[in-house]
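These protein sequence lines map, in sequence, to chains B and P. The working numbering applies: residue 1 is where the first sequence begins, and numbers increase by one. The working numbering applies: residue 1 is where the second sequence begins, and numbers increase by one.
Hints listed in this document are in silico derivations from the structure and should not be mistaken for laboratory results. Check before you lean on any hint, since a few could be wrong.
[Said to hold, decoys possible] Computed list of lysine to aspartate or glutamate pairs in DMTMM-like fashion (alpha-carbon distance at most 20 Å, straight line):
1) K62/B with E243/B
2) K222/B with E74/B
3) K52/B with E190/B
4) K213/B with E74/P
5) K42/P with D105/P
6) K196/B with D119/P
7) K78/B with D123/P
8) K83/P with D47/B
9) K185/B with D123/P
10) K43/B with D63/P
11) K43/B with E74/P
12) K52/B with E74/P
13) K64/B with E97/B
14) K67/B with E117/B
15) K93/B with D179/B
16) K144/B with E84/P
17) K222/B with D47/B
18) K43/B with D105/P
19) K185/B with D105/P
20) K100/P with E190/B
[Said to hold, decoys possible] With the C-beta cut set under 8 Å, the calculated list includes, among others, these residues of chain P facing chain B:
21) K28
22) E74
23) N79
All residues carry an ideal CB built from backbone N, CA and C; glycine is no exception.
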Amino acid sequence: MMETSRRTFLQMAGIAAVGLSAKPVLDAFAAEHGGAEALPSVKPGPDGLKAKQWAMVIDTRKIKSSKDLEPMIEACHKMHNVPHFADKHHEIKWIWEEEYKHAFPTDVAKFMDERLERIPFLVLCNHCENPPCVRACPTQATFKRPSDGIVMMDFHRCIGCRFCMAACPYGARSFNFQDPRPFIKESNREFPTRMKGVVEKCNFCAERIAVGKQPVCVEVSKGILTFGDLYDPNSAVRALLKENFTIRRKQNLGTEPSVYYIV
Amino acid sequence: MNDRKYIMTGLVIFLAIVTFPFWYNLGKASPGPEVKLSDKAKAAKQCVMPTEYMRAEHMQLLDLWRHSVVRNAERIYVNPSGKEFTMSLSNTCLDCHNNKADFCDKCHAYASVTPYCWDCHVDPKEVK
Numbered sequence: 001m002m003e004t005s006r007r008t009f010l011q012m013a014g015i016a017a018v019g020l021s022a023k024p025v026l027d028a029f030a031a032e033h034g035g036a037e038a039l040p041s042v043k044p045g046p047d048g049l050k051a052k053q054w055a056m057v058i059d060t061r062k063i064k065s066s067k068d069l070e071p072m073i074e075a076c077h078k079m080h081n082v083p084h085f086a087d088k089h090h091e092i093k094w095i096w097e098e099e100y101k102h103a104f105p106t107d108v109a110k111f112m113d114e115r116l117e118r119i120p121f122l123v124l125c126n127h128c129e130n131p132p133c134v135r136a137c138p139t140q141a142t143f144k145r146p147s148d149g150i151v152m153m154d155f156h157r158c159i160g161c162r163f164c165m166a167a168c169p170y171g172a173r174s175f176n177f178q179d180p181r182p183f184i185k186e187s188n189r190e191f192p193t194r195m196k197g198v199v200e201k202c203n204f205c206a207e208r209i210a211v212g213k214q215p216v217c218v219e220v221s222k223g224i225l226t227f228g229d230l231y232d233p234n235s236a237v238r239a240l241l242k243e244n245f246t247i248r249r250k251q252n253l254g255t256e257p258s259v260y261y262i263v
Numbered sequence: 001m002n003d004r005k006y007i008m009t010g011l012v013i014f015l016a017i018v019t020f021p022f023w024y025n026l027g028k029a030s031p032g033p034e035v036k037l038s039d040k041a042k043a044a045k046q047c048v049m050p051t052e053y054m055r056a057e058h059m060q061l062l063d064l065w066r067h068s069v070v071r072n073a074e075r076i077y078v079n080p081s082g083k084e085f086t087m088s089l090s091n092t093c094l095d096c097h098n099n100k101a102d103f104c105d106k107c108h109a110y111a112s113v114t115p116y117c118w119d120c121h122v123d124p125k126e127v128k
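With these hints in hand, go ahead and build the complete structure from the sequences.
Quick look at the structure:
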């Protein structure tokens, strides 16, 4: 009996010693995690525009010639430090013009409407609701933002494999074959440039939406472009869609483009 | 056993060569860099987090910043004392620390760290 109780005593003493020596460690942990001080946090800006799925309506009836599109293309490329390469093979484009038959190759009639055949069409990343580029990207560098449906590029993650370019049926993505910096005429110092080996594309001006501004192309479009929430029945784009006949690029592929054209 | 002297001489020469960098540089260790704060940073007194934290963990902070801005559309950083900052390397960090050469580069050069932030992000002072 005596033997057992001495053993129990020693066991208890051991446990108590471990407990006492662990206390300062636990205290330090408690001080580090939580304690009285609050932890830093992140949140969206107060003025940011919100939507379920951003969309754009392009009123092609207001387009007469390339001149009408130039200011939008220029404003976008200037704002986002898009380089200009003389060599067509290296071309980087976020928003550009295209002929009807190239923009809508599956919807060409035998004897086309003369106006549609003649006018230039403004094309950009369609920010598809079902984007094939996102599925193709092995690093999730291109992703669909769950908060507002913008298909974005995380340039930090892009490894330049160009699977997304192969997957995009609209050719909306460009690859930087060389360092773009020397080819930027006027740089916007508030927006980063890209580096060699990175894919880039239109981001629906996510950086402007975050501070409550419309995309820059919409701002300078003189009413040709309308931007808004596709799933808000009261939005400007829905008002236009309700009253006009619209088409989308390569609809039969099922990518659900969010750029609509009034023809 | 006759080769003992050759072996020993060889060993001594070998050791001398191997340890050469250590005793050659003895007492010549270059002192750590003195970081120069810009006037604006001095006036602000504290960065987004305490100095010790920034010194040790600014890279983790920047990593969090880029992740939440690009991927989650969260652009405002609230520090423990409730102060808010726009999360932007070029527009917030470099606005205050507008002496990249004296502030960032000095330490990075000393520690032989070459972050590729500057391949894309623009130091407003460097492009003229």
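Structure-based check of each hint:
no.	hint	result
1	K62/B with E243/B	holds, 16 Å
2	K222/B with E74/B	holds, 14 Å
3	K52/B with E190/B	violated, 27 Å
4	K213/B with E74/P	holds, 16 Å
5	K42/P with D105/P	holds, 18 Å
6	K196/B with D119/P	holds, 9 Å
7	K78/B with D123/P	holds, 18 Å
8	K83/P with D47/B	holds, 18 Å
9	K185/B with D123/P	holds, 17 Å
10	K43/B with D63/P	holds, 16 Å
11	K43/B with E74/P	holds, 5 Å
12	K52/B with E74/P	holds, 16 Å
13	K64/B with E97/B	holds, 13 Å
14	K67/B with E117/B	holds, 17 Å
15	K93/B with D179/B	holds, 15 Å
16	K144/B with E84/P	violated, 27 Å
17	K222/B with D47/B	violated, 24 Å
18	K43/B with D105/P	violated, 30 Å
19	K185/B with D105/P	violated, 27 Å
20	K100/P with E190/B	holds, 16 Å
21	K28	violated, 37 Å
22	E74	holds, 4 Å
23	N79	holds, 5 Å
In this structure, the hints that do not hold are numbers 3, 16, 17, 18, 19 and 21, in rising order.
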